[in-house]
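All chains, full assembly: derive it from the sequences and hints.
Residue numbers (this note's numbering), protein chains in the order written: chain A, 8 to 524; chain B, 60 to 493.
Calculated from the structure, these hints are not laboratory results. Incorrect hints may appear among the rest.
Unchecked claim - Straight-line Cα separation of at most 25 Å, DMTMM-like style, residue types lysine to aspartate or glutamate; simulated pairs:
no. : chain 1 : residue 1 : chain 2 : residue 2
1   : A       : Lys-136   : B       : Glu-442
2   : A       : Lys-136   : B       : Asp-454
3   : A       : Lys-86    : B       : Asp-435
4   : A       : Lys-86    : B       : Asp-454
5   : A       : Lys-92    : B       : Glu-442
6   : A       : Lys-86    : B       : Glu-432
7   : B       : Lys-423   : A       : Glu-128
8   : A       : Lys-183   : B       : Asp-433
9   : B       : Lys-252   : A       : Glu-128
10  : A       : Lys-65    : B       : Glu-369
11  : A       : Lys-89    : B       : Glu-438
12  : A       : Lys-86    : B       : Glu-438
13  : B       : Lys-252   : A       : Asp-22
14  : A       : Lys-92    : B       : Glu-438
15  : A       : Lys-86    : B       : Asp-433
As the structure is a prediction and not an experimental result, all values here were calculated from the model.
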Amino acid sequence: MAKVVIDGKELEFPDGTLLFDACKEARGEPLPHFCYHPDLPIAGVCRLCQVEIEGMPKLTIACNTHVRDGMVVHTRTEKVIKAHKQILELHLINHPVDCPICDQAGECGLQDQYMNYGLYETNVCKDDKVTNPKAVVIGPEVILDKDRCVLCSRCVRFCRTVTKTGEMGIFNRGDKAEIGTAPGVELNNPYSVNVVDICPVGALTSRDFRFKKRVWMLKSVDSICPGCATGCNIRLDFEADSIFRIKPRYNEDVNGRWMCDSGRKEYKSVAAEDRLKVPTANGSEVDWPTLFNEIREFGKPGLVITSPHNSLEEQVLGQFIASEICGGNISSGLSDSFKGNADDMLVDADKTPNRTGAGLAGAKEYSAAELIEKIKAVDAPILIHSNDFDGNSEISTTLDAKTVIYLGTHENEISKQAAIVAPVSCWAEKDGSFVNKHNRVQLFKRAVARPVAASEDWRLLADLMRLWGLSDVPESMPAVRRLVSVRVSELSNFDMNAIAINGEIPGAAEPDDGGEG
Amino acid sequence: MTNNQYKILSRRFDRNDAHNISVYEADGGYVGLKKVLSHMSREQVIAEVKESGLRGRGGAGFPAGVKWGFVPEDVEDIYFMVNADESEPGTFKDRFLLDYDPHMVIEGSIISSWAVRAKLCVIYIRGEFGWLVDRVQAAVDQAYAAGYLGENIQGSGYTLNMIVHKGAGAYICGEETGLINSVEGRKGQPRLKPPFPAVCGFLDKPTIVNNVETVASVPDIIIDGASEYRKHGTEKSAGTKLFSVSGPVKNPGIHEIPLGLPFNEFFHEWLGGMADGEELKAVIMGGSSVPVLTAEEAMETNLDYESLAEAGTMLGSGGMIIIPERCDMVELIQVLMHFYWDESCGQCTPCREGTGWLHRIVKKLRKGEGTLEDLDLIENVCEGMAGLTICPLSDAAVMPIISFLEKYRPEFEALIQNEKESISSSRWAREIRS
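Right, dumping it as structure tokens:
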């Protein structure tokens with residue numbers, strides 16, 4: 008441990024702590040900075056995080072200094088503040104200050120730091136600026152404005168050390184230096200949009216989000232990416248009933264600060280054209296009371312098929328129905344469905360967010376042949392909750408002969424043939440939890456409203472339970488979550504209503520190996 | 060001329076074919092190497108060099124023996140690099156050593172490499188010195204053939220290989236970590252320190268980088284001993300030093316002087332004073348990066364590290380630029396600002412943006428479009444650049460312009476008040492102004 012005095016505060020840090028981090032703790036806010044990023048190698052080029060260390064003749068950058076026992080550091084002396092101001096001014100002299108047309112405005116390092124540390128009158132006239140090309144498309148997801156770049160080299164270091172693809176570089180020298188990709192090279196890797204997140208200014212922006220929304224209009228909720236079994240922690244940025252973008256949310260044990268480009272597109276399915284919006288019975292639109300009457304007419308189901316896309320809460324309600332009504336006849340669908348490619352960073356081969364949760368709820372997966380046998384053997388309605396069997400045509404052919412009660416979000420083969428179609432909520436329209444491949448139970452929260460005539464899954468399942476004469480039906484989400492602990496033995500000592508923001512591994516006595524990010 | 064007794068490093072400059080190993084050996088060449096390999100321990104060599112007071116001749120003046128002592132004991136792969144990227148405006152001493160006495164540089168490099176246990180020595184020659192690459196490579200080949208390089212040198216068991224590496228023409232590769240990056244095939248940009256190259260340098264292994272003149276001084280220190288070396292110079296600035304003098308003096312060119320020599324004496328007796336019709340206005344003592352001295356200041360100082368520091372400037376590389384009275388100081392600073400703007404590697408923001416800004420302000424002044432506020436702005440910009448970057452290039456741009464402004468402010472003000480474009484006396488300065 009090293010005892011350090013920062014701005015008069017005596018603090019203790021483990022040896023090897025970066026002075027930058029120590030100062031952040033002491034000050035309650037980070038030092039001004041552009042190039043420092045906790046997950047990238049130190050570059051030390053923006054020169055903003057200068058501090059005064061007693062006994063050293065010159066100011067020193069905190070990002071390339073480690074704490075030493077007895078170190079006395081000043082971050083708010085006149086000399087330091089003046090240096091911060093002057094270096095910031097040098098960052099800005101050739102910046103176009105085109106904030107009114109810049110996507111980054113509102114979450115921009117230059118704007119924030121100017122307000123915090125700058126606030127000087129400009130000394131450079133417009134005609135005197137070095138200009139660089141704007142709006143250069145450098146890949147399928149990212150567009151580059153070289154004029155706004157402050158050459159912090161974060162994107163270069165990201166491509167070199169995180170994705171190890173090395174597409175980006177700084178070309179030429181001095182104030183002729185510009186960021187870019189080599190001729191003929193595209194920034195085209197599965198994690199390319201992360202450079203947009205780490206770009207402290209508006210030099211790298213997302214082609215998907217570009218010009219869609221001013222960021223200060225957006226609200227955010229914490230969520231979990233439903234794209235694969237990794238369960239990257241994300242933030243949904245939305246306004247009114249539209250989601251505009253997905254950003255990764257820091258979770259050291261899961262995804263660190265990154266997420267894949269394909270996960271960022273998951274929001275698009277929420278507002279898709281093919282959403283199921285109204286209940287239908289035998290192909291015609293009906294209201295909910297009529298729908299329930301029809302379901303009552305069909306009688307109780309003999310088989311429940313859930314989906315690895317459903318939340319853990321929904322899985323457990325499905326299991327409740329199956330065990331009380333169908334004699335435990337339940338499946339979570341096909342064992343080989345929704346599989347794809349994996350990589351060594353975040354993307355998992357399992358493209359569902361909650362296969363582990365389905366297993367915990369006691370729903371087994373089967374091969375197509377086994378599942379077809381199971382379906383054929385049932386002589387009662389079949390309740391299918393949002394599974395579409397990855398479009399397997401043999402299964403839909405088999406289901407043709409059956410009465411299907413389908414709870415789903417999007418049009419598919421099953422919704423077309425089902426006797427009853429009840430529209431339910433997408434993941435972004437409800438609360439719930441997914442269990443990732445490392446058994447981490449993670450909460451996602453509602454961002455936007457579901458379609459007007461759609462139902463929230465757990466309420467619909469609870470209504471069906473009452474319809475089919477079950478008692479002790481949970482009346483609220485906390486009650487559903489208590490039911491989870493009751494019905495899943497692995498979670499019997501786990502409080503589903505008090506899950507930490509970064510998720511928890513139930514009963515994890517042994518060390519958590521979820522840090523694959 | 061009374062200065063022949065001080066010709067030590069430069070003693071073979073006017074001898075025919077001194078670049079050939081036979082001439083060099085006949086003149087006592089490679090004796091130092093043989094002495095080291097057969098009679099001395101590494102510690103003795105380092106101690107001798109420390110004792111001699113030899114300081115880095117590239118500009119910083121750091122004691123060479125002390126630098127060698129930083130190499131960690133327990134590491135196998137160690138590298139030695141000779142910095143021949145001589146690019147500081149006004150400096151042209153190393154090229155003489157490489158051109159006229161390459162074997163003295165090579166012998167010094169082998170001894171230095173041995174002292175720090177290096178297994179590879181790289182001589183990094185600036186790209187513009189194309190012919191010198193051939194010259195030095197030929198000498199290295201001769202040294203290999205004579206058994207001074209390669210495996211088991213002179214039966215000592217020590218193996219050293221030597222590579223002559225040509226730079227691609229960047230001033231910043233003369234900064235030792237920029238040089239190391241360049242040899243590694245990376246962009247020539249200085250590295251963050253710490254770690255220092257003596258601990259983590261080329262290929263992340265300990266690497267010592269020394270200037271050509273520094274290593275060339277080593278054989279004599281070994282042969283004659285530290286006390287002989289110390290006979291010239293002062294207590295803290297020991298030995299002789301090459302000065303490359305440019306400007307309208309009677310005897311410009313390379314002069315080897317004992318450190319501590321009064322500038323007055325050097326100027327009048329060695330340089331022969333100003334050329335006919337010229338009058339001394341100012342002197343840049345140690346290469347374009349050091350603060351300028353007025354004629355009066357120069358006449359009162361001595362040519363050694365301490366005296367020049369006291370006078371507010373630096374010995375630097377010994378690239379002395381004599382500035383005549385007729386020279387327009389604003390034009391001269393424009394040339395220098397163009398240089399630093401052009402050569403900034405662009406890594407650190409203060410230097411990248413600051414050198415460009417200074418260059419643009421000076422251009423504006425020269426066009427007669429400047430204001431008095433611009434002079435304050437220059438000082439303000441310089442404050443945001445000095446001492447705040449990874450390497451000293453930023454300071455190298457700040458020191459001249461601040462001293463020019465301080466000492467020749469009336470010339471700047473006259474330009475502003477006349478509101479007239481300054482007529483250039485130099486075609487090149489006219490060209491770069493646009």
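Right, here's what the structure says about each hint:
Of the supplied pair hints, the one linking A/Lys-136 and B/Glu-442 holds, its CA atoms being roughly 20 Å apart against a limit of 25 Å. A threshold of 25 Å between alpha carbons decides the hint, and for A/Lys-136 with B/Asp-454 the separation of about 23 Å falls inside it, so the pair holds. Straight-line distance between C-alpha atoms of A/Lys-86 and B/Asp-435 comes to about 19 Å, which keeps the hinted pair within the 25 Å bound. Between A/Lys-86 and B/Asp-454 the CA atoms are separated by roughly 18 Å; this keeps the pair inside 25 Å, and the hint holds.
Distance check on the hinted pair: A/Lys-92 and B/Glu-442 sit about 11 Å apart at the alpha-carbon level, within 25 Å; holds. Between A/Lys-86 and B/Glu-432 the alpha-carbon distance is near 23 Å, which keeps this suggested pair within the 25 Å criterion. Taken as a hint, the B/Lys-423 and A/Glu-128 pair is honoured in the structure, with Cα atoms around 20 Å apart against an allowance of 25 Å. At roughly 23 Å between alpha-carbon atoms, A/Lys-183 and B/Asp-433 fall within 25 Å of each other, so this suggested pair holds.
Between B/Lys-252 and A/Glu-128 the alpha-carbon distance is near 34 Å, which puts this suggested pair outside the 25 Å criterion. The suggested pairing of A/Lys-65 with B/Glu-369 holds, with an alpha-carbon distance near 20 Å, which does not exceed 25 Å. At roughly 14 Å between alpha-carbon atoms, A/Lys-89 and B/Glu-438 fall within 25 Å of each other, so this suggested pair holds. A threshold of 25 Å between alpha carbons decides the hint, and for A/Lys-86 with B/Glu-438 the separation of about 16 Å falls inside it, so the pair holds.
Of the supplied pair hints, the one linking B/Lys-252 and A/Asp-22 holds, its CA atoms being roughly 19 Å apart against a limit of 25 Å. Between A/Lys-92 and B/Glu-438, the direct Cα distance comes to roughly 15 Å. Compliance with the 25 Å bound is thereby established for this hinted pair. With a CA separation close to 23 Å, the supplied pair A/Lys-86 and B/Asp-433 stays within the 25 Å bound.
Violated hint: 9 only; the structure is consistent with all others.
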